[in-house]
Amino acid sequence: MKIITADQIRANVKKLCIEANLKLPEDVVRALTAAKEAEDWPVAKDILGLLEENLKVAAEKEIPICQDTGAACVFVELGNDVHIDGDLEQAINDGVHDGYIEGYLRKSIAADPLRRGNTEDNTPAFITTHITTGDKLKITVLPKGCGSENMSALRMLKPADGVQGVVDFVLETVSSAGSNPCPPTVLGIGIGGTFDKVAYLSKKALLRPLGEPNPDPYYAELEARLLKEINELGIGPQGFGGRTTCLSVAIEQMPTHVAGLPVAVNVSCHVTRRASVEL
Amino acid sequence: MEHIIKTPVTTEELKALKAGDSVLLSGIVYTARDQAHKQMCECLDRGEALPFDIEGSAIYYVGPTPEKEGMVIGSAGPTTSGRMDAYSPRLLDLGNKVMIGKGKRNDAVKDAIIRNGAVYLAAIGGAGALMASSVKNAEVIAWPELGCEAVRRLEVENLPLTVVIDSTGQDLYETGPAEYLKKTAR
Ligand code: SF4
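Chains A and B, in that order, give the protein sequences. Position one of the first sequence corresponds to residue 0 (numbering that gives the first Met the number 0), numbered consecutively onward. Position one of the second sequence corresponds to residue 0 (numbering that gives the first Met the number 0), numbered consecutively onward.
Simulated from the structure, these hints should not be mistaken for lab results. Be aware that one or more of the hints could be misleading.
Examples of chain A residues lying across from chain B (beta carbon under 7 Å, computed) [said to hold, decoys possible]:
1) TRP40
2) ARG105
3) GLY177
4) PRO216
Just so you know, even glycine gets a beta-carbon here, dropped at the ideal spot from N, CA and C.
With these hints in hand, go ahead and build the complete structure from the sequences.
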């Protein structure tokens, strides 16, 4: 049995919030560089160059890459041999509070969806916890911007719609999003499960490093097909036209009801941020 | 083509700007996003004055991150403009000439742009650190309780922008992708 204290969790979550907002994961940077190399449309290439420059400025000045420092989506994998000394969710929220205040990050959480207002410290975190085996606690912070989140979509397809139905729905979602989600985007796609699980799958897919295919070759092929077809839409970086509309497509699938085919598309942007720690 | 523009602007000088052109904008730019737009329209409903002179003005849809000590502003890239569509025609009709944001506008905004000889410019979405480099001064001038959504008076120097909708209603979000697809069609 390993004991992990609330203070440890709080301090780590604070660090992860700041780190994620100031520096993109290596895989996202690599994907941006590769996209710039492959881009043959001059305007689009220029934009991709400016996005790289933005990363440099953010690193030099130690300021956030993007002003929308997001909703703090937190994924927890908790080994069943870990004992948390304190309140796990409270510790995470305290970490978000500290990170967003001390890290000069933007407080973007409305206190109530209809009556609005602001919680002033970017809490609450949006926490998903998984109990696993072992004595490790893994925490991933994924600050999610709303320009792209707002372009996300979920549809309950019919089984007869099949794979073509999924492709059509994804392309329709990307086309109607157009320039809004700050293309080039990153797409997390959930297929199967239930109404709630499919949305979760689509967000979970954003945790996978860009360029790492689905372990099932059938779905890996579908990811590649979707990426190709999306990048033939011509939307391009910022929607100004070009090849690079999307950097990466990741699919997470699970069994579903015989009568259903749920599909969810969680749209993310070129500022796809995540930072993890294992305690 | 690249244009150097200084605010406040006139309809006459905006005529030269075509969808797809680059603009380096200097002068005063006012920040406003959802809540500030709502409050501005409520001011107008009550017959009160707006917090800044709207004639020839540039409005930037941005909610910056808090500035660190010694900096004038934090990260300051554009937010999605479509959420301001409900308010923009009214402001354009009152003399607002330049809107800065990212993403599509609706037909009502396009019509108001044409009617008033205004323009819609895009800042680079997600390049908040880079955009902030052009901001030389920032001061909250209205509704400080709105936090990042308060109205700020920014002094900018060579803010790099792209003309998305020009004063004739040409829209780069339509023409840009179409042109790319035409050139690459095999
Ligand atoms: S969509 Fe992404 S890059 Fe664009 S403003 Fe939001 S967080 Fe930033």
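Here is how each hint holds up against the structure:
This hint holds: TRP40(A) has a C-beta 5 Å from the nearest C-beta of chain B, less than the 7 Å allowed. Look at ARG105(A): its Cβ gets to within about 4 Å of chain B, closer than 7 Å, so that hint holds up. Because the beta carbon of GLY177(A) sits about 6 Å from the nearest beta carbon in chain B, less than 7 Å, this interface hint is met. Among the interface hints, the one on PRO216(A) is violated; its C-beta lies about 29 Å from the nearest C-beta in chain B, farther than the 7 Å criterion.
In terms of the numbered hints stated before, the structure departs from hint 4 and from no other.
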